[in-house]
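Colleague: Sequence:
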Amino acid sequence: MRRVVVTGAGCISAIGNDVATFAENLFAGRTGIADLTDFPAGDLRFSKVAAVRDFVASEWVSAAQRQVAERTAQFALAAARQAISASGLLASISGEDVAVILGCSTGGRTAEEPETAKLYTQGGRVHPLTVPRTMASSGTSLVCMEHGLTGPAYTVTTACASATHAIGQAFHMVRSGTVRAAVTGGHEAPLTYGFLKSWDSLHVVSSTVCRPFAKDRDGMTLGEGAAVFTLEAMDEAVDRGATILAEIVGFGMSSDASHITQPHAAGPAAAMTRALRDAGAAAQDVGYVNAHGTGTEANDRVEAQALLEVFGEAGRELPVSSTKSLHGHAMGASGALEFLATCLAVQRGTAPAAVPCAELDEALGLRGILRENQALDKPVALSNSFAFGGLNGVIAVRRFEAGS
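Take the sequence shown: its position 89, counting from 1, is numbered 89 in the UniProt record's numbering, and each next residue is one higher.
Read the hints as simulated data drawn from the structure, not as lab findings. All figures in this text were calculated on a predicted structure; none of them were measured in a lab. Among the clues, some could well be false.
Heads up, simulated SDA-like pairs for lysine to any residue below, C-alpha to C-alpha not over 20 Å straight-line [said to hold, decoys possible]:
1. K378 with G349
2. K378 with F27
3. K48 with E115
4. K118 with D97
5. K378 with A314
6. K48 with D216
7. K378 with A402
8. K378 with L308
9. K215 with A64
10. K197 with E115
11. K215 with R367
12. K215 with H203
13. K215 with E359
14. K118 with K197
15. K378 with E317
16. K378 with R274
17. K215 with C357
18. K378 with R316
So the derived label-pair ranges between C-beta atoms look like this [stated by the list, open to error]:
19. E362 with Q284: 22 to 28 Å
20. G42 with S92: 48 to 54 Å
21. E146 with Q347: 26 to 32 Å
22. Q347 with G280: 19 to 25 Å
23. G349 with A257: 24 to 30 Å
A virtual CB, placed ideally from N, CA and C, is assigned to each residue, including glycine.
Work out the full structure, taking the sequences as your base and the hints as a guide.
Modeller: In structure tokens form, the structure reads like this:
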């Protein structure tokens with residue numbers, strides 16, 4: 001099997017609309033969580049979100065594309081263009097040899113909700129392009145069209161693990177030789193009133209801000225964004241002189257088969273164990289975990305249990321952080337944003353602390369939750385995504401060194 005490396009990355013996020021800005025804010029611990037401004041919070045129990053700021057669609061998306069590309073697909077197009085440009089991929093690899101696999105959980109909500117509201121309150125027709133604007137797969141299709149990519153293409157929709165599953169599937173396709181390269185990641189733009197009200201009803205959104213693993217944590221902060229990557233076989237990337245961000249070495253998946261909203265530690269533990277097995281790595285090789293870490297009572301407790309199950313007593317000191325405290329929980333795109341943070345961590349040899357909480361929840365048994373950035377002294381890092389419905393995905397990466 002071939003070794004697989006990341007040769008290009010792009011992002012649109014609450015902490016930056018390009019990789020350089022994202023990285024600067026990531027390692028500085030600058031959060032993108034801010035007051036909800038697009039519409040009054042009204043009767044919501046929370047007033048803060050991690051929204052993308054300063055995104056001008058016309059700078060990224062043509063007038064023709066904007067006819068069918070809703071906000072989430074626009075994010076996908078912008079992030080994919082950055083990644084493909086940075087990689088130089090298409091100068092040497094034909095579009096028929098490139099897969100496009102993206103994750104998107106909620107589809108085009110900013111197109112669907114207004115048309116649905118109009119239908120039920122005013123009657124009559126909805127916009128004739130409502131269907132393509134709301135399809136979760138529209139981002140994948142539009143990226144293929146823009147770049148002439150005619151290889152395998154599909155969208156993964158597994159709630160909060162969508163992007164992680166997409167990246168993992170793309171990794172396996174490149175590693176196996178099914179395709180020479182892949183464009184992969186995730187995108188999401190769900191911050192509509194109906195979406196926020198739905199999550200408010202679950203009572204899992206923070207009334208303040210997301211504080212993963214904190215003693216006083218009170219829930220997640222909802223967000224939006226996209227991150228997209230180009231994956232290639234290492235030998236081909238090296239031969240053409242590509243800049244390599246990181247190497248993907250393993251991917252693991254599992255199902256809790258337990259509850260639609262409540263996580264169960266055995267599922268996340270199995271996904272981490274399978275990612276390590278796929279990587280040919282041992283638990284002691286891991287120097288950092290980018291946790292799913294939503295800041296809810298149940299998720300953080302169960303993820304802590306899973307980490308201790310996989311890493312044993314050493315897991316108590318394992319460096320762990322959740323970057324959701326910076327870019328929010330962007331649903332199907334979260335795994336992609338967190339994978340970007342993990343790749344940057346191994347590339348720079350530094351694990352990001354994100355926003356440190358005032359007081360850790362000692363009952364979780366994790367003393368390694370990062371309060372400040374920390375040098376990585378082990379080769380492997382994990383990026384965790386654990387979704388509603390018990391659908392889990394974990395990617396293992398390591399720093400790429402020429403000749404290794």
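Colleague: Against each hint, give a clear statement of whether it holds in the structure.
Modeller: Evaluation of the provided hints:
no., hint, in the structure
1, K378 with G349, "holds (9 Å)"
2, K378 with F27, "holds (19 Å)"
3, K48 with E115, "violated (25 Å)"
4, K118 with D97, "violated (43 Å)"
5, K378 with A314, "holds (13 Å)"
6, K48 with D216, "holds (17 Å)"
7, K378 with A402, "holds (17 Å)"
8, K378 with L308, "holds (18 Å)"
9, K215 with A64, "violated (50 Å)"
10, K197 with E115, "holds (18 Å)"
11, K215 with R367, "holds (13 Å)"
12, K215 with H203, "holds (18 Å)"
13, K215 with E359, "holds (6 Å)"
14, K118 with K197, "holds (18 Å)"
15, K378 with E317, "holds (13 Å)"
16, K378 with R274, "holds (19 Å)"
17, K215 with C357, "holds (8 Å)"
18, K378 with R316, "holds (16 Å)"
19, E362 with Q284: 22 to 28 Å, "holds (24 Å)"
20, G42 with S92: 48 to 54 Å, "holds (53 Å)"
21, E146 with Q347: 26 to 32 Å, "holds (27 Å)"
22, Q347 with G280: 19 to 25 Å, "holds (21 Å)"
23, G349 with A257: 24 to 30 Å, "violated (38 Å)"
In the structure shown, a violation is registered for the earlier hints numbered 3, 4, 9 and 23, in ascending order.
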